[in-house]
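Visitor: Let the hints inform the model, and build the full structure from the sequences given.
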Amino acid sequence: GENVEQHPSTLSVQEGDSAVIKCTYSDSASNYFPWYKQELGKRPQLIIDIRSNVGEKKDQRIAVTLNKTAKHFSLHITETQPEDSAVYFCAASLNYGGSQGNLIFGKGTKLSVKP
Amino acid sequence: DAGITQSPRHKVTETGTPVTLRCHQTENHRYMYWYRQDPGHGLRLIHYSYGVKDTDKGEVSDGYSVSRSKTEDFLLTLESATSSQTSVYFCATTTGAGDIQYFGAGTRLSVL
Numbered sequence: 001g002e003n004v005e006q007h008p009s010t011l012s013v014q015e016g017d018s019a020v021i022k023c024t025y026s027d028s029a030s031n032y033f034p035w036y037k038q039e040l041g042k043r044p045q046l047i048i049d050i051r052s053n054v055g056e057k058k059d060q061r062i063a064v065t066l067n068k069t070a071k072h073f074s075l076h077i078t079e080t081q082p083e084d085s086a087v088y089f090c091a092a093s094l095n096y097g098g099s100q101g102n103l104i105f106g107k108g109t110k111l112s113v114k115p
Numbered sequence: 001d002a003g004i005t006q007s008p009r010h011k012v013t014e015t016g017t018p019v020t021l022r023c024h025q026t027e028n029h030r031y032m033y034w035y036r037q038d039p040g041h042g043l044r045l046i047h048y049s050y051g052v053k054d055t056d057k058g059e060v061s062d063g064y065s066v067s068r069s070k071t072e073d074f075l076l077t078l079e080s081a082t083s084s085q086t087s088v089y090f091c092a093t094t095t096g097a098g099d100i101q102y103f104g105a106g107t108r109l110s111v112l
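Sequences listed follow chains C and Z, in order. Our numbering applies: residue 1 is where the first sequence begins, and numbers increase by one. Our numbering applies: residue 1 is where the second sequence begins, and numbers increase by one.
I should point out that these hints are in silico values taken from the structure, not numbers from a laboratory. A hint or two may mislead.
To be verified - Dumping the calculated DSS-like pairs for lysine-lysine here, alpha-carbon to alpha-carbon at most 25 Å: (1) C/Lys107 x C/Lys22; (2) C/Lys68 x C/Lys114; (3) C/Lys107 x C/Lys58; (4) C/Lys22 x C/Lys114; (5) Z/Lys11 x C/Lys42; (6) C/Lys107 x Z/Lys57.
Guide: What follows is the structure in structure tokens.
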């Protein structure tokens with residue numbers, strides 16, 4: 001089955017710097033890759049996602065890149081702000097045919113943005 | 001937040017007692033999921049449902065059962081709670097496989 005590894009487990013940056021979180025997946029047939037942000041004591045919320053027919057997607061200060069050949073995808077946050085401090089989860093799923101498309105999550109990255 | 005309500009939000013129980021957690025959604029989403037979240041493990045799928053009375057096991061299903069008698073409700077039951085089931089439980093829903101999953105606020109369960 002699918003396995004998703006996420007690195008680093010913790011990341012500390014200065015406000016205004018960029019942050020990059022990387023994930024690798026094992027099943028080359030996986031075709032949907034969402035990123036969730038979870039603030040302390042809150043529910044996970046989708047911040048951006050990408051499908052396998054696209055190599056990059058941006059939404060303001062957030063971008064995701066996908067390298068299907070290497071089976072990895074990354075979250076890029078530019079001009080970080082203290083409110084970006086949270087735990088970020090990547091996930092992968094396979095969606096076609098009889099597949100149920102269940103998400104397999106990475107173990108999370110705790111991002112701390114220092115003012 | 002996609003109209004997902006989890007109840008109770010917090011529960012403390014004793015080892016060996018049965019526990020039922022409820023997930024209620026008002027979005028008419030076909031798919032519903034139960035995850036547990038533990039430090040260092042991320043979100044792990046317990047069970048999921050792809051329609052009324054259609055359920056299947058996830059990655060960590062041992063010790064848990066589920067039922068879905070109507071579209072809006074998905075129940076997670078711990079038949080005999082153990083301390084290893086102390087965790088935060090999240091329900092999620094989606095319109096279809098591979099679509100955005102929306103999460104409930106979570107239930108913090110402590111088994112003493």
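Visitor: Hints first: check each against the structure and report whether it holds.
Guide: To see whether the hints hold, each was checked on the structure:
1. C/Lys107 x C/Lys22: Answer holds: C/Lys107 to C/Lys22 is near 12 Å, not above 25 Å.
2. C/Lys68 x C/Lys114: At roughly 33 Å apart (the allowed maximum being 25 Å), C/Lys114 and C/Lys68 break the hint.
3. C/Lys107 x C/Lys58: The hint holds at about 23 Å.
4. C/Lys22 x C/Lys114: Given pair C/Lys22, C/Lys114 holds - Cα atoms ~21 Å apart, limit 25 Å.
5. Z/Lys11 x C/Lys42: With a Cα-Cα distance of about 17 Å, the restraint between Z/Lys11 and C/Lys42 holds, given a limit of 25 Å.
6. C/Lys107 x Z/Lys57: Distance ~20 Å between C/Lys107 and Z/Lys57 Cα, so the pair holds.
Checked against the numbered hints above, the structure breaks only hint 2 and satisfies the rest.
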